[in-house]
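Residue numbers (the working numbering), protein chains in the order written: chain D, 1 to 456; chain V, 1 to 456.
For the record, the hints were derived by calculation from the structure and aren't laboratory data. Source: prediction; values computed, not measured. It is possible that part of the hints are untrue.
One copy or two, either will do: identical chains are not told apart, so a pair holds if it fits within one copy or between any two.
Each computed EDC-like pair below joins lysine to aspartate or glutamate, with the alpha-carbon atoms no more than 20 Å apart [said to hold, decoys possible]: (1) Lys421 with Asp180; (2) Lys84 with Asp50; (3) Lys358 with Asp241; (4) Lys362 with Asp50; (5) Lys122 with Glu153; (6) Lys209 with Glu125; (7) Lys84 with Asp219; (8) Lys358 with Glu284; (9) Lys204 with Asp183.
There are 2 protein chains.
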Amino acid sequence: MRKEMFNHEINILRDTYRRLLRRQAKTNLMKLTKKTHPADLATVFRHFSDEEQLEIFSFMNENEHTAEFLSELDDSLVKELLSKEPLNRVAEIIQNAPTNDQSGILNALEEETAKSILELLKEEEQEEIAEIMGYPEDSAGSLMNTEVFTLHESITAGDAIKTLQDQEDAEMVFYLYITDDDDRLVGVISLRILTTTPSSTTLKDIMIKNVHSIRPETDQEDVARIVAQYNFLAVPVIDSDSHLLGIVTVDDVVDVIREEATEDFLQMAGAGKDREILLKSSWESAKTRLPWLFASWIGGVVAASLIGVFEHMLENIIALAAFIPVILGMGGNIATQSSTIIVRGMATGRVNIGGEIKLILKEIQVGILLGVLYGILLGVFAHIVFTDAPDNLGLVVGLSICVSMVVAATVGTIIPLILRKLDIDPAIATGPFVTTSIDILGVLFYFLIAGLFLTL
Amino acid sequence: MRKEMFNHEINILRDTYRRLLRRQAKTNLMKLTKKTHPADLATVFRHFSDEEQLEIFSFMNENEHTAEFLSELDDSLVKELLSKEPLNRVAEIIQNAPTNDQSGILNALEEETAKSILELLKEEEQEEIAEIMGYPEDSAGSLMNTEVFTLHESITAGDAIKTLQDQEDAEMVFYLYITDDDDRLVGVISLRILTTTPSSTTLKDIMIKNVHSIRPETDQEDVARIVAQYNFLAVPVIDSDSHLLGIVTVDDVVDVIREEATEDFLQMAGAGKDREILLKSSWESAKTRLPWLFASWIGGVVAASLIGVFEHMLENIIALAAFIPVILGMGGNIATQSSTIIVRGMATGRVNIGGEIKLILKEIQVGILLGVLYGILLGVFAHIVFTDAPDNLGLVVGLSICVSMVVAATVGTIIPLILRKLDIDPAIATGPFVTTSIDILGVLFYFLIAGLFLTL
């Protein structure tokens, strides 16, 4: 988490832009936008005001660089920035960008605007973009780069290198994909092998025939898993007839992994899944977070009603009320530990199907170990500090926290496992579900135990 | 989070191994271990019993493949597996592995064992490994691959390709690093450019001179940020005299990003930072989670004492106790939302230094919006359902939840910002700190407000 250095550099860059803007140093601004790496420019842009953003953007006149910048920029900023631009400038900017960048930028815009811009592009480009935009969001198809360099299996290594020399467009050439007469993907050769092979050898004889490929519908998380698991630099995307549609490259996978982690973080906290929530207005942020809080509101209302039912017990022993927060709090915290461990374990392939029972039993053990410890601690505390209360208060409180923690660890483990079984993303619903159930169950067990051990 | 497909494949693989083990089909097992991708084998190993692991490991007799498998395996499993192996078999296995894999495997073992194995290796290897192991954990030095392919700036493209042909070892050659007479890194050429350049051109004339490099002490998160930000496939590591020490490749960066995300997840939940916690015994798991629960125990005890102080209020209006869970629960949840958004924002470069005040103000606004809404909802509920209670109960409860949520959103935002200022990893301490403070503050404000509006 040491982002200080990076933040420092970004702050310097921001200040430089601000200084030039104040001085209205147009030539310098034009030069600086050209010199700043598109990815850095996209990062620093988050820290400018709307007016500053528009002004700086007006100085960017190298279309390729600008397109790269836009593809690195947060979607909400892209939308804001381009909504004020003439459509033909946008079309010019994205005209020669890779297809996945083009579709990414257009996807950030209003549908109508995107459509109008699309119509300004060359027909060939239009078709390619429409194809990519037709794949589901978060699929390999929407991630892939369609400009892939392919070679026929019958040509020689020497000819392959010559062909490569004429090729300017194909991004990231480190694997060369080999096709047969029917244009099907039949093999792959690394550029290194090609370079070090006698030039008369045909590609067929040196290519690796068993190519790990994916389909355009493959979920981006599966793509990420494959690339991470096998240390690939790129993975080819093919259709049902083995025709090569494109490749997903490792740099896009890196972005996917970071984005998915961010979404999981937010979801586990019951804060939606909008990665750009920090860029949104308070109103929008509140709207995103509202429904998840509703779950815990319901839990609280049920807990309040439950306590209402047990009011007669509280009337007799007021001290019982004092321990409600710690019993629910400890339960909530151990449940969060358990569910986070399970949810993250699922995401990293450490929770296998078939091992659920063992896992639940282990978490129950952990709950017992920690529950007994904190039960004794709290029981002793209650006994010593609340001297006016009945003798058994320590026992009731200690036992309750122990039960609450065991139940919480169990529930925190079971809920994500059940959600997965139901094919619901465990990250989405675990947080709110778990805390809500713990609030209700904790109160219930507390008063049941109190009823057993205290004479009222 | 759709891991089903992957899990399914892993389960089939596991079952195949189990079937062969039951039949004691040694030849088949030997073949299958050879055929299984080391990364897949490492994943499936998590799901075998200790005995099964040892038995399968005994059938692995291809050292290079085994070393790769070990470098993909979880540290705790490496330790368990190798502690029972003769030292010279371990030495043989890792003898020819890349240096960073060697040091990774040795780092997983007991120090004494690692030392004894190290002594069995060739002297040259020993020195290289010792150097890598000398760098701090989680630094670029410990991640880097020392077998880098370098070329002198004065040679021609043609000669470079010839040299490349004799080179067998250098892993992942896609960038060629260029050195001067003093062996300093002066440039870089992509393999593609080299391949497509006339063979008489000297490297000096085609190399990119401005190489983005890092130092061995650079934190692995910064390395990950650089690689992710600029879409690098590898980044060179140099010493203070610009000598090339090694490269960190994107596949290792992918692992770093996933591991760091996992650690942040666990830390935010107050569950330590051991990525392999699922592989640990209940006892070890409880030990890791215990200290973080202690923070919330303290918070609970303080809250209990506070409520003890206000006991006279509860005596008069028992219904007040019923709303303690929902007031603390809603506060805790909105605080978790805020702090997660901030902590993740810091990790992804969306929270810049200098914008803190604006951020806090925005979260306060969100707190007010949601607090007013849920305050009204809860106030109305209290008023309608708790008919025996004083008239003002609805007002008190509604106002309290509103205040609790505003305070919680503020605290949840401020705590990670303060931790960062103090150079403490915000992910480590935010979770427990936040929930503890909310428990105490929530109770305090609740009873203060009750004291103001209720006649007792």
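Next item on the list: Enumerate the violated hints, using their earlier numbering and listing them in ascending order.
Entry: Going through the list in order, the structure violates hints 1, 3, 5, 6, 7 and respects the others.
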